[in-house]
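Student: Chain residues, written in single-letter form:
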Amino acid sequence: EADIYQTPRYLVIGTGKKITLECSQTMGHDKMYWYQQDPGMELHLIHYSYGVNSTEKGDLSSESTVSRIRTEHFPLTLESARPSHTSQYLCASSEYGPEYNEQFFGPGTRLTVL
Amino acid sequence: AQSVAQPEDQVNVAEGNPLTVKCTYSVSGNPYLFWYVQYPNRGLQFLLKYITGDNLVKGSYGFEAEFNKSQTSFHLKKPSALVSDSALYFCAVRDGRSGNTGKLIFGQGTTLQVKP
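From first to last, the protein sequence lines are chains A and B. First residue of the first sequence: 1, per my numbering; consecutive thereafter. First residue of the second sequence: 1, per my numbering; consecutive thereafter.
One or more of the hints may lead you astray.
Stated by the list, open to error - One-sided excerpt, in silico: chain A residues whose CB lies under 10 angstroms from chain B: (1) 7; (2) 50; (3) 53; (4) 79; (5) 98.
Everything labelled a hint here was simulated from the structure, so no lab data went into it. C-beta atoms are modelled at their ideal positions from N, C-alpha and C, and glycine is treated no differently.
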C-alpha cells in the first residue's frame with residue numbers, strides 16, 4: 001500500500017543528544033518536505049527536496065539538517081537537541097509535475113527535549 | 001506578500017447543520033488553493049483543491065469549497081455536519097514565489113467543533 005511513514009511517533013530526549021527523525025514514502029514521489037508545527041498551530045516549512053541529492057532550506061530557520069540519498073527516504077537530523085526544538089515534525093511528499101499537486105503527509109513525530 | 005488567513009480560531013456547529021470554515025488569501029500568480037484536515041495526533045489529510053474552472057470544488061467526506069476571486073476567498077463548506085467532522089482544518093495556498101517546488105503557505109488553522 002502506498003503511504004508515507006514517520007518514526008518514531010513520539011520521542012523524549014535530553015538536551016545535547018543527537019537525533020534523527022525518519023521519513024519514508026512508498027509512492028515514488030520526487031518532492032519531499034519537512035514541516036514544524038506547534039500543537040494546534042500552523043505549519044512552517046523547514047526543509048524540502050526536489051529529488052535525490054537535492055535539499056533546500058524552507059521559510060522557517062531551523063538548526064536541523066536533512067539528506068536525500070534515496071528517493072523514498074528523507075531523514076531529518078538534530079546534532080544537539082535543545083528544549084526549543086520541542087515540537088511536532090511532519091513529513092510530506094508530492095509528485096513531480098504541476099505545482100498544484102497535493103502533498104501527502106505522514107503521521108508526524110512529536111519531539112520533547114528536556 | 002503571500003499569505004493565508006483563517007479568521008476564526010474555532011467554529012462551533014450543531015450536528016446536522018451546515019458548516020462554513022473561512023479562508024482568505026493573498027498570492028502572486030495563479031491561486032492554487034487547498035484544504036487539509038488534521039485529527040488529534042495525526043498528520044494532515046488532503047480534502048480538496050482549486051486549480052481552475054468551476055468555482056465550486058467538491059472533495060472528500062462530503063466537503064466542498066467555493067472559490068471567489070473578487071473576494072480572494074476559498075471557504076470550506078458542508079451541508080450537514082457530523083460529530084466526526086470535529087478536527088483542525090487548514091487552508092493553504094501554493095507559494096507563488098517558489099516556481100515549481102510545490103511549496104505551500106498554510107493558514108493558522110480553525111478548530112471545528114460539532115456538537116451532537
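Student: Would you mind marking each hint as holding or not holding in the structure?
Tutor: Cross-check of the supplied hints:
A least Cβ separation of about 13 angstroms between residue 7 (chain A) and chain B goes past the 10 angstroms threshold, and the interface hint is therefore violated. Hint status for residue 50 (chain A) relative to chain B: holds, with the closest Cβ pair at about 7 angstroms, below 10 angstroms. With its C-beta approaching chain B no nearer than about 16 angstroms, residue 53 (chain A) sits outside the 10 angstroms limit, and its interface hint is violated. A distance limit of 10 angstroms between C-beta atoms decides the matter here; for residue 79 (chain A) the minimum to chain B is near 25 angstroms, and the interface restraint is violated.
A least Cβ separation of about 8 angstroms between residue 98 (chain A) and chain B falls short of the 10 angstroms threshold, and the interface hint therefore holds.
Violated hints for the displayed structure, listed by number in ascending order: 1, 3 and 4.
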